[in-house]
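A.B. asks: Here is what each chain is made of, one letter per residue.
Protein chains: 2
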Amino acid sequence: MKMIKGGVCAPKGFLASGIYSGIKKNAFSKDLALIFSEAICTAAGVFTTNKIRAACIKISGVHLKNNKAQAIIVNSGNANCCTGEQGFRDAEQTAEVVARALDLKASLVLISSTGVIGKLMPMAKLINHIPALVEQLNTRKSRNAAEAIMTTDKVVKEAAISFKIGGRKVTIGAIAKGSGMIYPNMATMLGFVTTDVAIDVAALKAALKCCVNNTFNCISVDGDTSTNDMVLILANAAAGNKRITLNAKADFEKFKNALMQVLLYLAKKIAKDGEGATKLIQVCVKGALNDKDARRAAATVCNSNLVKTAIYGEDANWGRIAAALGRSKAALKEEKLSIYIDRVKIFSKGLPADADEGALKNILSKDEIKITVDLGLGKAGITMWTCDLSEEYVRINAKYRT
Amino acid sequence: MKMIKGGVCAPKGFLASGIYSGIKKNAFSKDLALIFSEAICTAAGVFTTNKIRAACIKISGVHLKNNKAQAIIVNSGNANCCTGEQGFRDAEQTAEVVARALDLKASLVLISSTGVIGKLMPMAKLINHIPALVEQLNTRKSRNAAEAIMTTDKVVKEAAISFKIGGRKVTIGAIAKGSGMIYPNMATMLGFVTTDVAIDVAALKAALKCCVNNTFNCISVDGDTSTNDMVLILANAAAGNKRITLNAKADFEKFKNALMQVLLYLAKKIAKDGEGATKLIQVCVKGALNDKDARRAAATVCNSNLVKTAIYGEDANWGRIAAALGRSKAALKEEKLSIYIDRVKIFSKGLPADADEGALKNILSKDEIKITVDLGLGKAGITMWTCDLSEEYVRINAKYRT
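Top line first, the protein sequences correspond to chains A and B. Going by full-length UniProt numbering, the first residue of the first sequence is number 1, and it counts up by one from there. Going by full-length UniProt numbering, the first residue of the second sequence is number 1, and it counts up by one from there.
Chain A with its partners taken away, still in its complex shape:
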């Protein structure tokens, strides 16, 4: 298995494009992306758990009912959320216009939006640019598409991996966005995955669900789950491998591991590119009584403003980590709890450890910080990622809409 270039265009038979249509105010920012497969794909998706759901979430859900898709249209700059019936009709029309331009059935077009909530989509701009978007489609434009789905992201997020299934070379590619409103429980970001493997629907859904749960659902920037976020995967079978099913266990595991690697790479990139972030923080919880407790404990540490500001200040303030764990609802006994920063034990079974302050200072000056928590109660664990909280986060989010 190796990571390769090419993003969503790395797998055979996929084209992409990304252009500026005017939905975003800034004329230098692309805001419209298209991903297209030459053949009809087996498709699956995971959608936000927020009860406020954008029009694109509803429509993509409906279009995915037959588990088939051939194109994904994405815009940034406007979420088309809380826009009522008109918003829903606008999203439907967008899918229809894209379908006509590509000569597909509208139900084969999935749709995704990200940006400001509560403004009607500037439909004339969007519709008028679809011909150009289709015309630009080619097998080297994954990066343009990746750029066009960015909002406050500072870093383009693309990944691809190739490996063999039954002697055949197969490839998975992906692009993603997301640097605010990032919180475990799906939603929280956009991710679009393409692959040329042949795989049946049940196996594709199972792999996507498991991989999202261990990657995108393990990152947090600010604890805010968005109304729009989704991960979609299209598999077009162009690699010609023997179709992967849940019964073909070895092939399925291989595919799942490769998908995990791609999504984990992107998830960590999203956490590290959190709004205003200066450091990636990895929170590894072990010794939890069960999986639910492990996730609760890790998520509460990841979402603590006090922990995140301490790391930003390069301060080994483990008291804030202990306090976050204490309110996390995970089972916890102070006298069994230990906390490490990198490999330095700073809290040992209920007591401050005699940590080397010089070593800690050096560790905390780096741009990736690893916090390990041993609850000492059981065998469950999880690893999650977040970023630090800086003045820049506040500046970005105090100014975003206006």
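Mixed in with the good hints, there may be bad ones.
For chains that are exact copies, the list does not tell them apart, and a pair is met inside one copy or across any two.
[What the hints assert, rightly or not] Derived DSSO-like pairs (lysine-lysine); straight-line CA-CA distance at most 30 Å:
{"hint": "1", "residue 1": "Lys68", "residue 2": "Lys12"}
{"hint": "2", "residue 1": "Lys51", "residue 2": "Lys329"}
{"hint": "3", "residue 1": "Lys286", "residue 2": "Lys329"}
{"hint": "4", "residue 1": "Lys292", "residue 2": "Lys51"}
{"hint": "5", "residue 1": "Lys336", "residue 2": "Lys379"}
FYI, nobody ran anything at the bench for these hints, they're computed from the structure. Just so we're clear, the structure is a prediction, and the values are computed from it rather than from any experiment.
Start from chain A and add chain B according to the hints.
C.D. replies: Same frame as chain A, but now just chain B:
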């Protein structure tokens, strides 16, 4: 009923003092407070729900078992939390030394600490200053005590109210602290209440629990619940009123309402004095299916960094309010949801309202912002308070320990 001056010394028979002992590094900051009643009091307390509990929480809980107390010793600058057996012995010793100096049984002394977690208490400094602290006790030093319990607070928090029970003048006084680690569910701050009413234990406990639940448990600064926080109340019966019981309903309600007024005043003061805060935000949820949903909805809006930064930026970004409600786990239907900022409707039953941008701009420029959410589903409601999130919060918390 009227608010009066005098804080914890306003009720008859209470003395207080506050001095600098050296626990805090800054020589200009008081860090040791004492509240003393001339007579033994009926006492009650509410303690943090955090599973990591400071030594003072454990000891005050034990001392309160017989519902009697006569003194409260409080230090700031060191939480004496996560300090193991030594921390526990230090807290016990503190209570004993105070008891000896005041000629009381140690079990009549309650103890409270706030500050950094995980450092042993500098006991020599603390113990050596207890004689001076006792010597300074008088009936006009509530403010000194209020100052001595502050950490990153910028504003001294004192309140008192007097009213009549059965023709007798009675008084409630209080001091409080807390500007970070403030989150609903008790804990979250320190509050010390004195009163000269005669009241039985059951009535005192019921009133305190109800009032804390509707005041201190309705404020949030950063969603972080602390390991140390508590509210204590001492009632010394010096007013000579007929003893209030749960059966004397009219008197009980009168006392509860007065206590509510005192605690609400302090709670709002804490929210407004949140670390780095520039605005007090009131979040009023109505139309919820039940009380639990109302609290969930209001708390999620109060704890959303994105909502708090938008208010800081004076931006009527109601999409972030809708998104927070959507992830709050409260029952919600987009088409029934309405959102107001002050009296301006900005989201009306699932659609953006045509709000007057000029009026909104004027409202958002003020230092108290009222958000009202009507879920449109039922009859339950709640009001909670928080503050905005500024760059200053990050600066304070990135620098606090070091």
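A.B. asks: For this structure, which hints from the list above don't hold up?
C.D. replies: Of the numbered hints given earlier, the structure breaks none, since each of them holds.
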